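Here is what each chain is made of, one letter per residue.
Number of protein chains: 2
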Amino acid sequence: MSIVSIQFNEDKQPKYQQLFEHIKYLIMSGELKTGDKLPTVRNLSQTLSINSITVVNAYRQLENHKYITAKKGSGYFISNIKIQKEETPTSSDLGMSTDTDAINFASATPHPSIFPIEAFKECINDVLERDKGFAFGYQESNGFKPLRNSILDYLNKTYNIWAKDEENLLIVSGAQQGIDLIGKALLNPGDYVITENPTYDGAVAVFKSRGARVVGVNLEEDGLDMVDLEKKIRICKPKLIYLMTCYQNPTTICYSYTKLKQILELAIKYNVYIVEDDTMSELNYNNREQVTLKALDTENKFVIYLKSFSKILMPGLRTGCMIIPDILIKDFTKIKHTSDISSSGLIQRSLDQYFRTGKWEDHLNYMKEIYKGKYEFMLGQLERLEKYRVKFHKPNGGLYFWISLPQSISALNLYNFCRSNGLIVIPSGVFYELDNKNKDKNLRLSFASSNIDQIRNGMTILDKCLENQC
Amino acid sequence: MSIVSIQFNEDKQPKYQQLFEHIKYLIMSGELKTGDKLPTVRNLSQTLSINSITVVNAYRQLENHKYITAKKGSGYFISNIKIQKEETPTSSDLGMSTDTDAINFASATPHPSIFPIEAFKECINDVLERDKGFAFGYQESNGFKPLRNSILDYLNKTYNIWAKDEENLLIVSGAQQGIDLIGKALLNPGDYVITENPTYDGAVAVFKSRGARVVGVNLEEDGLDMVDLEKKIRICKPKLIYLMTCYQNPTTICYSYTKLKQILELAIKYNVYIVEDDTMSELNYNNREQVTLKALDTENKFVIYLKSFSKILMPGLRTGCMIIPDILIKDFTKIKHTSDISSSGLIQRSLDQYFRTGKWEDHLNYMKEIYKGKYEFMLGQLERLEKYRVKFHKPNGGLYFWISLPQSISALNLYNFCRSNGLIVIPSGVFYELDNKNKDKNLRLSFASSNIDQIRNGMTILDKCLENQC
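Chains A and B, in that order, are what the protein sequence lines are.
Per our numbering, the first sequence starts with residue 88, numbered consecutively.
Per our numbering, the second sequence starts with residue 88, numbered consecutively.
By construction, these hints were calculated from the structure, which means they are not laboratory data.
Treat the hints loosely; a few may be bogus.
Any copy will do: because identical chains look the same in the list, a pair fits if it lies in one copy or spans two.
[What the hints assert, rightly or not] Pairs of lysine-lysine, DSBU-like flavour, derived with a Cα cap of 30 Å:
#1 Lys-120 to Lys-417
#2 Lys-421 to Lys-120
#3 Lys-111 to Lys-417
#4 Lys-159 to Lys-251
All values derive from a computational prediction rather than experimental measurement.
Full structure from sequences and hints, please.
Structure (structure tokens):
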């Protein structure tokens, strides 16, 4: 097969897109190799009897995806595929993009301008005054004990989550470290992990780094497809099941109480651990009652609960916590120690002070107000897109929307097109581990780090890009 | 074999010690099982025709090591061996002991009372004033760029360490995380790692957690035994060699320039990475010229250099850095991201401010003065122990002494005896991966966290314990 062997299909995607896919296939299959030169635009358009703009667009897209490189004056060449693979963006790459001119709907963290800096600074200075050097000594690996108690009180009051005492609570340097510790504690090469499909790519990266095999179970509107879940548990005998039960990332769905109960029953029946990664259950905008899987695990045996404070407070705190089944807590504390000895004492003590002086609750209410306003504004803007047959779920909480695109549009193409027009979104492929018919059909749009003007402008860009692609 | 089958050897260790070893062997070999009851002191002393004090001492030692548990009124029972194994102390457990009444010669970090809290607080407040919320946003995974530049300037000036630019420098959440990242980047199950023997147990724990096999090479006064090193490189084809070239932990030796050159040549010849873990090369008390292996690796190809600021500044900063060969830097940055996204932005920015305002150099000079005084004081006190045929090397730098005990004394027994008399030291077994004739022959004594009075009192306790055991 060569470039000129392409057969255009008139009913399918635009021609430039078909050409892009064709050349990409030749590169990925090895028929075109690193360093090979592509035909000139003129040559190829003449040979294929197509408009030269079609070739230009296909080449531009190949270049955007780093499949090819332009060398000034000598044409286009196939890039080193290894480099291309490494540079596939992750959700985090996109969220943390340093392209300051672009509007960022990829980032799901608050903008630094609304962090409670003055209040936190006060806590830091109070702690330094009170604890002096001890704030900077080695800390207990499982965390500063008063902070563990503060958090436990909060989780108990807010979610009815039970733990015998603060010994079951482990402070970690952010939820990402929590996932890393879980991988180290429970996974060996060849082990299976079940995740939702789609799921958070940063968790998949950890599981794979332990040599584990990741198996996805499809999501329904109220949680996992239970039949598929049980089948896969039986076949794979997974070491753990990784879930986000509240405003799931990226789909925004919340699990029903019934499904949570069923999942816990399966965990007991098959003796498998469940990781419940809870990043934003606080952010409900309709006072929906909070239910977590952890609250149902009253004997603290099957659910490893993981909580981040990044989305509500500040991501740079790098402080999260886990509630860990009794039988695992010693192992986890040891692994935490081997990973980085302990999390920052100053930050832990300041966060404790922040909880104890009531600042956390105040700030949470403040953030909910802000986020709710942005949620409703983006929702209103999204309704404009229904003319393109864009569909979406209304989560009434969390920090993003998960929109599904009409059949004819590729999420990856739309992402690229938006990006070149100054808007960063996350294409659904990032969140799918395996091939799936929906892999290229959604975008995740977050309103967390943008203000109202940016949301309006970003949605206008999206509108135009959709118009162009439809 | 049973307890009463013991044959006492009159020329060997004290009887209680022989009885302890015998019962320990029966437990570890599984002949005595969890929950089994031991004979009463009276019964056993009568059966074996030995003094009941001998049995009491043996049982007490078994209890100290958690091989057996006393149940009030019903006697002694074999503990759960799994738990016993987990509770073998590590150097870090001992250093971070919360036994506040004891004098701690195990900890190799400065006491919190001499941390430069006021100066660092000033830096924190300056940073918060300047950067506001951005100090708490997500940071670049490889670290705050100005800090990378500050550190690179410092390393260049102090050690003549060369790196193309700050892109080769990675900020980590403490040196322990650096070792963890190395394990993740380079080790797979079954891979070999060569370490010094004895070595830092916290590094061995990381390598083993990756499923690697650790092979020790003995140390001579000027560094590794080169013949043994090359032989083991040939046989094992290790993925990396882990070294502490300056005031090695625990032996305090420094590598000669000749050996450093030879080691680098071997690394090139066999294409193997060397990790140079540099925790305290700054702490030289005789203005010895600094030579690091990294400075010799002028093409930045073979040496991964790892630097901690814990021993000079404050361990609770949880901030260290690595210089990484060009070819590995992308992988390391990605793995750092998967491990904990990034290190604390506030601490990184404050540390940068601390460097830029000249506070680091001032504090380093201050700490060297303090440590040097304590070094000389402990040295003077140690000379008193020569009457027991205790020997030691005079490192003229670093934070501890490595003393070798007379043939008749077990380091583990002496450690236990010291501990029950209010002094915490580290017995050499902690640092030996494999059996070695010297495994139980040394203690590591640090003066870092004790003041002059505590050093004097601790040495008096050690003197008495030695007198008792000799």
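Check the structure against each numbered hint from earlier and tell me which ones fail, lowest number first.
none
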